[in-house]
Amino acid sequence: METITKRYPSVIKEQAPLRPINSPVDLCMACGTCAAGCPLTGTKGFDPRKIVRLVLMGRDSELIDSKLPWLCTMCGKCEHACPMGINIANLIRAARGMVEREKVPGMIHKGVELGLKTGNNLGLPAEDFVFIIEDVGAELAETPGFSDFKIPVDKKGANLLHTLHNKLVNTQNEDLVHWWKIFHLAQEDWTIPSQNWEGVNWGLFSGDDDAMKTFIGRIVEHMEQLNISSLMYPE
Amino acid sequence: MIKNTKILVVGAGISGIRSALDLAETGHRVCLIDKAPAMGGILSQLDHQFPDNHCGMCRMLPMIDRDNGQQFCLRKGLFHENIEILLSTEIISIEGNAGNLTVTISRRPQGVDPDRCTGCRDCESECNIEISDEFSAGFRKRKAIYLPTPHQIPNQRVIDWDTCSLCGACRDACPTGSIDLDNQPETLVLENIPAVIISTGVELYDPGHVDLYGFGHLPNVVTATAFERILSSSGPYQGRLFRPSDGKALKKIAWIQCVGSRNIMIGADYCSTACCMFAVKEALLASRKIGKDARTAIFYMDMRTFGRDFQRYKDRAEKDAGIRFVRCRVHSIEPAENDKDILISYIDSSGNPIDETFDMAVLSTGKNPEFQLPEFASREGVFTVNSARGFMDIQGAVISASVASEKAGRSVSKKGSALLQQRPEKLYFDAVCEEKPQLQIVLCTCGDFLKPVLDWDRIKAELKNMPGRIEIARIKMICDQNGWDEMIAMLRNTTANRLLLAACNPLVYLPRLKELSQETGIMPSLMEVINLRSMVDQATDLAFRTRAVLCELEMSIRRLFSHNPVEPALYPVSKSALIVGAGPAGLTAAISLAVRDFKVSLVEKTSRLGGNWSNIQSAESRETIRTLVTEVENHPLITIHSEAEVIQSFGNPGRFVTRIRSNNKDEKSLLHGVTILATGGRAAETTAYSYRKNNKITTLFELEERLQQPDFAVGSNATIVFIQCVDSREEPRNYCSRICCLKSLKAAITLREVYPQSQVYIFYRDIMTYGNSEQVYTQARRKGVMFIPYDLENKPRVRIESGRIMVEGSDPVLDEPVFFEADLVALATGIVPNPAADLVSIFNLKTTCDGFIREADSKWRPVDTGREGIFICGVGRSPSRANEAMDEGKAAAQRALRILSKDTMIASRHTARVRHVFCSLCETCMHVCPHGARYMDFELQRVQVDHAACQGCGVCAAGCPNSATIIESFEENGIMGAIEAAL
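Taken in sequence, the protein lines are chains A and B. Counting from 37, one number per residue, gives the positions in the first sequence under the working numbering. Counting from 278, one number per residue, gives the positions in the second sequence under the working numbering.
What the hints contain is simulated information worked out from the structure, not anything from laboratory work. Don't take each hint at face value.
Derived SDA-like pairs (lysine to any residue); straight-line CA-CA distance at most 25 Å [as the list claims (entries may be wrong)]: (1) A:80 x B:609; (2) A:42 x B:1098; (3) B:1072 x A:40; (4) B:684 x B:346; (5) A:42 x B:1033; (6) B:1060 x A:56; (7) A:42 x B:1078; (8) A:42 x B:1023; (9) A:42 x B:628; (10) A:113 x B:1092; (11) B:970 x A:40; (12) A:49 x B:1092; (13) A:42 x B:1061; (14) A:42 x B:1053; (15) A:113 x B:485; (16) A:49 x B:1056; (17) A:80 x B:1087; (18) A:113 x B:628.
Keep in mind it's a predicted model, so treat the numbers as computed, not measured.
Pulled out of the complex, with its shape left as it was, chain A reads as follows:
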């Protein structure tokens, strides 16, 4: 006896924000535009049209339990051309958010957890962080034209708050100086926070809205406490 096909209410559909276009997933014509444009179609069964169809049928758990949501690069090529304006990437992100956290692949969720606990995804203590950036700053000061360069940390009333991508602090700190050079030459009044300086928000990728909110809330807090009006968020 075959299983009876039925449509179920989809939580993914409910939770996926209708942004930037208020176009419900129901409008899908199964025209194939998304699948034709997706760079991943055919890779390990990935097909944005199928994902939309599964959501339409309310087969959330099949999607959530599969690898499909994590194959997507979130490039948005599919929805860019969708004639019905369906927010396909949002569906995928909503599905990711419904995956049990320990089943989130790779280090994304681990990073989020560390970030929440320590203020950055590397779990780097504040004194180590300050040491690293001051060291890089001192190196820059040896460069001709930058002799008076100094890293402004936690400076109250500065004009611009600057957050950092943890990768720059960890392995590629030679790339930190590019911005700093510009700030220095432009005589910008800027600062870096000593704590909660994380400039990436992996909640975006893991589908963790609460974590995203916390990370953003911390930056807002900095700006209020230090009385800063502009933000430089280079992620």
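With chain A fixed as given, assemble chain B onto it according to the hints.
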């Protein structure tokens, strides 16, 4: 201020031409304007139309009273005595009230005087501005002074003021001084305009707005219109399929559908209706031209083959020509690795990604969503043709144009202002068959121009020597009023019964021949005009010129002397109509004619008026038809013969006699001028999908009726399955019924609204929501209706298991089976025409293989039949929605008015005649006549020609084994004589 009583038609594309001709043929005066410098609209760029892949525009030309206009190719121009044409003209404003509008128009000068331009092109050579030519879709360049379309008559150039630098080079180069660089537009205020018809067409979407299709920077991505130019013999490669970017011979071509259509992101929640068939036609033409190496593919979402003959055309394209139909909307078009070809990525039917290179991509661009009608289009007294609201195919445009002319004509006649220009016309001429042929030649000397360039003495001497009585007169300028009056005065005083006018462009004089015959009493069939001027321009030395002129004169003389001076008999028109069938189409036609004061006999087989209206789900439509029924029942000029049928009919346009029999065996004869057949159709029966094996398996029509009943109920969690195209769009019933998709969608929406917990699934092959009905499809999806596509190899299956209805199928998107336990199954069985075999043989018409009554021409004459005076509308002709059937009813009435508005049927100059002494009554002519213009007169035992319907095509003469049939003015003597003279 210009006082005007002409109906204004805005836009001279095919819709405008149809409206203008409709009104002109019913006696209205018309002013046809267009903002472009040439007529024809988009159709002037398109050479081939399906189903026969020819142009066919000329089939719109008048077929009765043909001599009121010139039977020219409509791509060249439109010439009718009741139509004035103003090009490069736009409307600025419309003021006033319905029936009495004041219209302000602005007319840009064309820059070249058509009377003086000889078409030498010296101006073009001198012009140093070069831009891309719109007509050839940019494949050619043109100058600022140019010919807008290559085939127009007269073929004088116009100046494009937007690019002209006013340098004056063209003016200085012109040998006849015909160029005037005053570019100030002229503003004209037209008063007393009784009605305006807007037939401006729609703007096409600019595919450059689709950022992923590369249009504008990938040279081998072109629009469907541009591809039509590549196919055209007047195109960049004379119709050979080369790629304009690099000259490569085209082999692999892809068509991309729905560019600018069916896309809510650009505000296009509509289908552009015509593009699917347009693409199939182009692919088919291209495949034929390329031959066996052709690899053509059409990328589509739904193949909208909703017309009566479309599905078979598409099937032939697929099976015979090998055109590939790929169901996938294309995401993006990219350059291929060689940077010349293009790369299209798509998914195949199994969802596999495929990258394929093509030589060229053709974009099927639809209507521009930003296009809006001008505000004055919604004014009272202004009638907008539907083809100006949305993109349409030719048939739709032609029908909607006739609907607009019907409305405009009706509004004008209601106002009581008798616009019909009933000029006193001399219909009968003195019989000159007893007189000796006597010819008057009038030679126009074109001022003093022709005097020195011809040997007049020789001309006179040679003409004198010709047999027959010939008089010669020379007049300085026939084209000006003095010369014209002089000629008339002279002709009144002669006893000549034939006239040869040797002047210049015959187009100037042909429209005035009728006037000339009214003034002089010389029969129009015994007049000819020849172009003396062009012969003089072509030949170089005096002797040769004179010889050429003499030769041409002698040819005409030979013809004129051999013409038969007997006019065919005329007969009065019976001012009443017979309409068979009282469904929406027949009722609408009846009202259209009755409000114009013509009597209507309405014959209906059943006891009830209104046809299939009870099936119509929308309360609004039901109300419309109920009102129509009441109106018909109460109209004093409409006589209803219900429960009656036609048993016999004979006669000619304007004069038919039909015998009807009521169900109590009473018989009655009706005399009528026209016949409109609106015989309708009915729901098709089926045995498929376990129909009738369970009362929950119903047809869509039954469901519609049940939905209207107060006790209708399904469980609140019900699963409802619709199956589209039941027994349809496959042999033997291989056509789309046009109404089912929309009906299913509406029923599904209603069910989802009443039972929000229900599950509604629609199995479909292609959703046929053309035009704005696409919005209903969008709404149905929004309401949560699920759509599951299927194809003929993979139809859903319905079976009953211990009282439960099981529907099995497969979902090609997820590539897995689906299995429903249905509480209700609705089968969209489509419609079949009512049996019309008897009627068709009584009226001597033809049917399609599916039993629909065949029209004269599916594109250009959709509501005419092969027999003039007999018209068809509604489902009896082709599946149609109720509103479309009603439109066809109006269009058929408008066509009928051409005959009813005449008092007398007038034969045209060139018609066939039977020389009865040679006739063996073999009836070959009757079988071959494409216009049904022949009949057997049993009393006289003669084959007769219906001179009003005869088009003078000559098929009968070619088919006659005894040469008994001849075409007037093309008699053997005349033709052979002319050939002899030419040699």
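For this session: Please name the hints from earlier in the document that this structure breaks, with their numbers sorted from lowest to highest.
Result: Going through the list in order, the structure violates no hint and respects every one.
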